[in-house]
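Protein sequences appear in the order of chains L and G.
First residue of the first sequence? That's 314 in my numbering, and the numbers climb one at a time after it.
First residue of the second sequence? That's 11 in my numbering, and the numbers climb one at a time after it.
This list has only true hints and no planted wrong ones.
BS3-like mimics (lysine-lysine), calculated; alpha carbons at most 25 Å apart, straight line: (1) Lys-38(G) to Lys-760(L); (2) Lys-526(L) to Lys-649(L); (3) Lys-659(L) to Lys-526(L); (4) Lys-382(L) to Lys-370(L); (5) Lys-814(L) to Lys-374(L); (6) Lys-38(G) to Lys-649(L); (7) Lys-636(L) to Lys-649(L); (8) Lys-38(G) to Lys-761(L); (9) Lys-51(G) to Lys-38(G); (10) Lys-38(G) to Lys-12(G); (11) Lys-892(L) to Lys-718(L); (12) Lys-12(G) to Lys-85(G); (13) Lys-455(L) to Lys-119(G); (14) Lys-691(L) to Lys-374(L); (15) Lys-83(G) to Lys-649(L).
Computed footprint of chain G on chain L; a stretch qualifies when at least three of its residues, placed anywhere within it, have a C-beta under 8 Å from a C-beta of chain G: (16) 461-469; (17) 741-755.
Hints are computed from structural coordinates only; laboratory data are not their basis.
Owing to the predicted nature of the structure, the values given are computational and were not obtained by experimental measurement.
Even for Gly, the Cβ is constructed at its ideal location relative to N, Cα and C.
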Amino acid sequence: MTAVYTKEITAEIVAQHGLTSEEYARCCTIMGRAPNLTELGVFSVMWSEHCSYKSSKVHLKTLPITGPKVICGPGENAGVIDIGDGQTAIFKIESHNHPSFIEPYQGAATGVGGILRDVFTMGARPIANLNALRFGSPDHAKTRHLVAGVVSGIGGYGNCVGVPTVGGETEFHPSYNGNILVNAMTVGLADADKIFYSAAAGPGNPVIYVGAKTGRDGIHGATMASAEFDQDSEAKRPTVQVGDPFTEKLLIEACLELMAGDAIVAIQDMGAAGLTSSSVEMAGKGGLGIELDLSQVPVRETGMVPYEIMLSESQERMLMILKPGREPEAKRIFDKWELDFAVIGKVTETGHLVLKFKGETVADLPVGPLVTQAPEYKRPWEPTPPRPETVTVAAPANLAATLRKLIACPDIASKRWIWDQYDKTVMGDTIQQPGGDAALMRVHGTKKGLALVTDCTPRYCVADPKRGGAQAVAETWRNITATGATPIAITDNMNFGNPEKPLIMGQFVGCIEGMREACLALDYPVVSGNVSLYNETNGQAILPTPVIGGVGLIDDVAKAVDTRLKGPGHVLLLVGATKGHLGASLYLREIEGREEGAPPPVDLAAERRNGDFVRAQILAGRVSACHDVADGGVLVTLAEMAMSGRMGATLEPLPAGLPAHAFYFGEDQGRYILATSQADAVLGAAAAADVPIIRLGIAGGDTLTAPGLGAIPVRELIGLNEAWLPEYMAADD
Amino acid sequence: MKTAVVVFPGSNCDRDVAVAVEEIFGTKPIMLWHRETALPKIDLVILPGGFSYGDYLRSGAMAAQSPIMQAVKAKAAGGLPVLGICNGFQILTEAGLLPGALMRNRGLKFINRVVTTRVETSQSIYTSRYEAGQVVSIPIAHADGCYYADNATLDRLEAQGQVAFRYVDAAGNATEAANPNGSARNIAGLFNETKTVLGYMPHPERVVDPLFGGTDGRPLFESLIGALS
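From just these sequences and the hints, can you work out the full model?
Set out below in structure tokens:
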């Protein structure tokens, strides 16, 4: 069937809904007629990039998603992994990039609210929030305002619901000037026999709406997230939702209270595309139909029409299917928590989503085709041209000045100004807070701990997408390993530019390929994720930013270590091979102003061998502090260990064969610095395991002393590291 | 020893304090829903931290009007010990059980970090296991912790020994720099006239285990065992 246009549904209306004429023709084929406006609205959000993954699906399918510890992989509200003793961890990361650029406080706040709902919808009590933030250049006129708003929004929401924000990363680059990234991750805990899924079941079962009332906010949010920005994007402010963390807190408690019983058949939060996507997904997964009477939906404004009710992205709402006759006990719980509770429809055998309003049928769509015949594109792509493996980098005039500059640069500078605004210790299970490698949370009531981290190095991804994708996965694996925990699985947040441009699509394809190889080599599957494309303003794309959220498990939190130097006289050892790779390094960018060269190779076999060795040494009790070597190389890593432990270190003469700046600042992968009082045992074990290891020096004193560097007081390093962000935020525009 | 923890809509440190109480007192507290109108027979009521009613209107203002607070006020007048932590302190001032008010932090931002507070007296059921002048490390987590009262009230509170804790530096000095939120006279914790009611902005329940950042909150709960059981 070709596209059928009517007086109501013109080509212009179709275009405003973000559908191409081919996609619209497909709607007409599925419907056997032209859709009405409400039906067109349903198609437009379900087939938006945000909900349908139409450009990315074909590539995402190549990622490994199974493993012995995976209970539920991608496709549900969040991923589920086995953490032993009948317990599971449930987690996901999700972007709220576009809304946060337009209205930073509410955009970021509702990003946190949305990801929390994805997790407690599955029956988990949320125990930790993390985030990954990317802002434009500090010199850009909007950056300060965006940082202030986003941080305050994340804190405002998370603090109020009482879930600690325990980790994250914040970086700056001009490519994000017009498109900041706000990725939020939530981790929750549930018993393995108490996980809730979203597939509808049981024709005749009641469909229940709970939570906040529906308003006109957020209409077309999913469509906005699926288009490029231009100078008129500010006008899209009304599509940003407004969050109410107090209602979310009540919703968490009410849902978990109801979930303690067995009244729920299926449950789904209303996130992007609201009531539309929740009802379509529940019906689609169950292979059934749903009939809704939209007159029963609790609304907070008068005169709302079906189109608005279906597309509203009002926050803090859930859709549930209950066992027949269980409505009264469920209603009692929601009444107790003073939340709306309304029976708005029933499950049917028709396979159709039928919407009624004031006695009339206002939409009738076949759910199967709406879901399975969603467009799927194999977009043309071009690989990123390779950059030279070696770059010529002259030695700096003054190593000490170089270290001082790096330690105070925006990407390395302490983010304390940010995390002081987050409640990190509510719930009483936070063992390691922001500032180390990974956050460490006790599993409440047990000795077990979860190590949690988010990470990505976009400057590597733009230089070599495949290597960058592998590195992002490997770095989270390394961060978790550095605490002593065993990495289990990841969630990914793929932030890219316009996929209709072959080079951008090539970045996506390359990053996925690298991630795939790393996940396979490290037995570290993907269990959930989110894709955010069209992160471009006026044709300027962001750096490719596949943020990885990793989760690991340690059986006894007493065995975990952190990055703080604490034993004077402890020997410092460097694990992993050092070749002095300076291409695409932080040093090259910050000191020489060059964004050049290939990123460091990621040898996944070495990564695994070195990491397994380090973890074993930690669990054997031989390690007093551990930090993975990342941005800025060995010297920055060591400075971070000294600063966090408020203890100095003295390095021995450097190994021959490398210039000092390459040894100190090169970013070769798969490396860790350990502090130990049992150096002989660790060195012996390394030799036996064929793990490259060298002795770096000794912890102690109050200066960082190294060949060519002189002695820099740790106190001075702390001052430099802590000063940048508060001073930047306090300055006038 | 019997303890009750009141749960308001939006309380979020209720579980934390219940865990600390159970661990230190050896008995599980009773969790009391805000709609209850009477208190069971208990030795101590705790108003936990959090964002009761989302901090809408003013922190603690709506919770202070809830049915349970009428019962708490009546029993407090008869000498029942009431401990308000963070949001609980805000509720105590809104309910009139403690004088003054807790306003938006001087820096206007929510702050969560470890601060040092000085124990002003060990002569109370809450502080007998501390030394007077002892400096304790303890986290704060609030946006509205700037204690305010007029000068006459502050003078009276000082004269009657009602200041329980002050924000101080590591050496124990109540300096401007050590005052995280702008509180009048660095007040972090306050008693009523009989020292049976305590409002404390920091979170003692978060520092009762060395694995989670220290044990400086323990003596507060241990003092209560000594006094009440």
